[in-house]
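J.: Here is how the chains run, residue by residue.
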Amino acid sequence: MNKSFRYKLNIFLFLLPALALFVTILIAPIVMSLMYSLTKWNGFTTPEFIGFKNYVELFTSKSINISRALKNAFLLALLSCCIQLPFALWLALRLARPIKGKTALLSIYFMPVLISTVVIGQLWLKIYNPDYGVLNVLLRAVGLEKWTQIWLGDKKYALGAAFVPILWQYVGYHMLLMYAGIKGVPTELTEAALLDGCTPSQVNRYIIIPYIRPILRVSVIFAVTGSLKSFDLIYVLTNGGPSHTTEVPSTLMISMLFLRNRYGMGSTIAVMLIILCFFFALVINAVFKEEK
Amino acid sequence: MNSLYESKPKRILIYCLLILWALISIFPVYWMLTFSLKTNAEIFGENVAGLPREWVWSNYTRALHTGNMPRYFLNSLIVAIATIFITLAASVMATYAITRLRWKGRKRMNSFFMLGLTIPIHASIVPLYTTLAKIKLLDTLWALIIPYSAFSLAMGILVCTGFMGDIPYDLDEAAMLDGCGTWGTFFRVIVPLMKPAVATVGIYTFLQCWNELMFANIFINSDKWRTLPVGVQSLSGQYTTDWGPIGAALSIATIPTLIFYVFMSKKIQDSFIAGAVKG
Numbered sequence: 335m336n337k338s339f340r341y342k343l344n345i346f347l348f349l350l351p352a353l354a355l356f357v358t359i360l361i362a363p364i365v366m367s368l369m370y371s372l373t374k375w376n377g378f379t380t381p382e383f384i385g386f387k388n389y390v391e392l393f394t395s396k397s398i399n400i401s402r403a404l405k406n407a408f409l410l411a412l413l414s415c416c417i418q419l420p421f422a423l424w425l426a427l428r429l430a431r432p433i434k435g436k437t438a439l440l441s442i443y444f445m446p447v448l449i450s451t452v453v454i455g456q457l458w459l460k461i462y463n464p465d466y467g468v469l470n471v472l473l474r475a476v477g478l479e480k481w482t483q484i485w486l487g488d489k490k491y492a493l494g495a496a497f498v499p500i501l502w503q504y505v506g507y508h509m510l511l512m513y514a515g516i517k518g519v520p521t522e523l524t525e526a527a528l529l530d531g532c533t534p535s536q537v538n539r540y541i542i543i544p545y546i547r548p549i550l551r552v553s554v555i556f557a558v559t560g561s562l563k564s565f566d567l568i569y570v571l572t573n574g575g576p577s578h579t580t581e582v583p584s585t586l587m588i589s590m591l592f593l594r595n596r597y598g599m600g601s602t603i604a605v606m607l608i609i610l611c612f613f614f615a616l617v618i619n620a621v622f623k624e625e626k
Numbered sequence: 410m411n412s413l414y415e416s417k418p419k420r421i422l423i424y425c426l427l428i429l430w431a432l433i434s435i436f437p438v439y440w441m442l443t444f445s446l447k448t449n450a451e452i453f454g455e456n457v458a459g460l461p462r463e464w465v466w467s468n469y470t471r472a473l474h475t476g477n478m479p480r481y482f483l484n485s486l487i488v489a490i491a492t493i494f495i496t497l498a499a500s501v502m503a504t505y506a507i508t509r510l511r512w513k514g515r516k517r518m519n520s521f522f523m524l525g526l527t528i529p530i531h532a533s534i535v536p537l538y539t540t541l542a543k544i545k546l547l548d549t550l551w552a553l554i555i556p557y558s559a560f561s562l563a564m565g566i567l568v569c570t571g572f573m574g575d576i577p578y579d580l581d582e583a584a585m586l587d588g589c590g591t592w593g594t595f596f597r598v599i600v601p602l603m604k605p606a607v608a609t610v611g612i613y614t615f616l617q618c619w620n621e622l623m624f625a626n627i628f629i630n631s632d633k634w635r636t637l638p639v640g641v642q643s644l645s646g647q648y649t650t651d652w653g654p655i656g657a658a659l660s661i662a663t664i665p666t667l668i669f670y671v672f673m674s675k676k677i678q679d680s681f682i683a684g685a686v687k688g
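Each protein sequence line maps, in turn, to chains F and X. At position 139 of the first sequence (counting the first as 1) the number is 473 in our numbering, and the numbers step up by one without a gap. At position 84 of the second sequence (counting the first as 1) the number is 493 in our numbering, and the numbers step up by one without a gap.
Next comes chain F alone, as it looks inside the complex (with noise of 0.2 Å):
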């Protein structure tokens, strides 16, 4: 046999079985999520193609209402980027300088990131219990008995009882990628500012911030796209109630998809969303190279 042909031939096996399991499950779908987007189905019957009319209806509908949705879900990310990330970037410098039982905090604040949402669910669940749960029994253990509410069930106030579990579970991890990026810092640079007489504050924020860009940029992709994704720890406390005020596109989705059996339309959902994704990814992208 032909030697480079067999050269040939063993690259392409090598590459075969991911290729097989990539092309299949992650490339195609894309294609073919697309192409549902563009029909009226039910899953049963043949999909009849109806060209733009379920985006034209998604973005229109008042049922639907996909603009309360994609206002939640930016809401999130937005809380994400000015909350969560802020306090892990905080987290991640005191934990980079010398002190105190660093490592046991570390692994510590970590700690949620590990455990099922399901698990993260079921227990804020529970602390938000109008009757026995800890939320509630603290408000009148200290005498602040109007305060209590019955959280997750109360329009006003289920969105940002959902939204807390979600933010405080991902600081940990936000902090851990932030924490890795500055033990990567030189020490030669961080020595040299404060033998200038920078004060810490000031290394942190002209050496170690700008080092770390890289990593910030990572952690904000992260946190954009991931708040338009998010689906378990929403389906878990809320899916989507009380009267949908905790809709976001994901349990959407789902529902049109599932309840409603309208794949098209579930379809439309999925593509938008994967476009929202990218889209975010490829701006914050240019924001982070623009500024260097």
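Keep in mind the hints are simulated off the structure, nothing from the lab. Some clues are possibly wrong.
[As the list claims (entries may be wrong)] Calculated cross-link-like contacts (lysine-lysine; reagent style BS3-like; alpha-carbon spacing at most 25 Å):
#, chain 1, residue 1, chain 2, residue 2
1, X, Lys545, F, Lys434
2, F, Lys396, F, Lys337
3, F, Lys337, X, Lys513
4, X, Lys675, X, Lys604
5, F, Lys490, F, Lys480
6, F, Lys405, F, Lys563
7, X, Lys545, F, Lys374
8, X, Lys633, X, Lys545
9, X, Lys676, F, Lys517
10, F, Lys337, X, Lys516
11, F, Lys490, F, Lys563
12, X, Lys417, F, Lys436
13, F, Lys434, F, Lys517
14, X, Lys676, F, Lys342
15, F, Lys387, F, Lys563
16, X, Lys633, F, Lys517
Following the hints, put chain X in place on chain F, whose structure we already have.
T.: Below, chain X alone, put in the same frame as chain F:
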């Protein structure tokens, strides 16, 4: 030269804040472990947040006997192990082809795989659901193992590329001179040296599939194939007033991860960093 540290009161304040956040981070888990061992009377009033006065181990036996907890546990374990195996085999092989064999387009092939880091699972739910139904894999563990492996692949290749780059190329050449072919070099030289990558990819993949909810919820219908997250979720829906056994079920789903974490916290943290830093 300025002092390296803040004034003492400020330092103490910061330390208190750090400890406070540690308490907030750990509280739900602490609470879960304690109420899983309490009676309803204690949970609902007498002793809400303290250690259990009377350790009710029967909550755990009840959790194991109601529903199918041992079965969910076994399913999760099978899915995790199979996914890790497939992900590792496919990514080590693909990485070998991309980094050690010489051919045009290998760089492009690498960027193609790296696309997988950004593709959200939402994209594939409907097509996977209908395709899996057609080939009769829906409602089997394969319906989870195959998609989980595919979605872990990009991360697997990313990590393996890093580790394989550390293996000197002289070793390949020496093996070739000794008469090993492409496959011989792969199995005798590369694979034995990939142990650190195996640990990193294995840990990351394990945690991803142990906790995954969306696919597990949609692709599995019958109770006997449910994984832990879905099983625990449905159990909690059925026994809303019996918090003790629910707490026990939640603990059973969490304790393996916690034990794992206590012994290998550094390794686990490193695997999460490896997945993000280059991505």
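J.: Could you run down the list of hints and mark each one as holding or not?
T.: Results for each hint:
{"no.": "1", "hint": "Lys545/X to Lys434/F", "in the structure": "violated (57 Å)"}
{"no.": "2", "hint": "Lys396/F to Lys337/F", "in the structure": "violated (65 Å)"}
{"no.": "3", "hint": "Lys337/F to Lys513/X", "in the structure": "holds (17 Å)"}
{"no.": "4", "hint": "Lys675/X to Lys604/X", "in the structure": "holds (16 Å)"}
{"no.": "5", "hint": "Lys490/F to Lys480/F", "in the structure": "holds (15 Å)"}
{"no.": "6", "hint": "Lys405/F to Lys563/F", "in the structure": "holds (13 Å)"}
{"no.": "7", "hint": "Lys545/X to Lys374/F", "in the structure": "holds (24 Å)"}
{"no.": "8", "hint": "Lys633/X to Lys545/X", "in the structure": "holds (17 Å)"}
{"no.": "9", "hint": "Lys676/X to Lys517/F", "in the structure": "holds (16 Å)"}
{"no.": "10", "hint": "Lys337/F to Lys516/X", "in the structure": "holds (23 Å)"}
{"no.": "11", "hint": "Lys490/F to Lys563/F", "in the structure": "holds (23 Å)"}
{"no.": "12", "hint": "Lys417/X to Lys436/F", "in the structure": "holds (18 Å)"}
{"no.": "13", "hint": "Lys434/F to Lys517/F", "in the structure": "holds (17 Å)"}
{"no.": "14", "hint": "Lys676/X to Lys342/F", "in the structure": "violated (37 Å)"}
{"no.": "15", "hint": "Lys387/F to Lys563/F", "in the structure": "holds (24 Å)"}
{"no.": "16", "hint": "Lys633/X to Lys517/F", "in the structure": "violated (46 Å)"}
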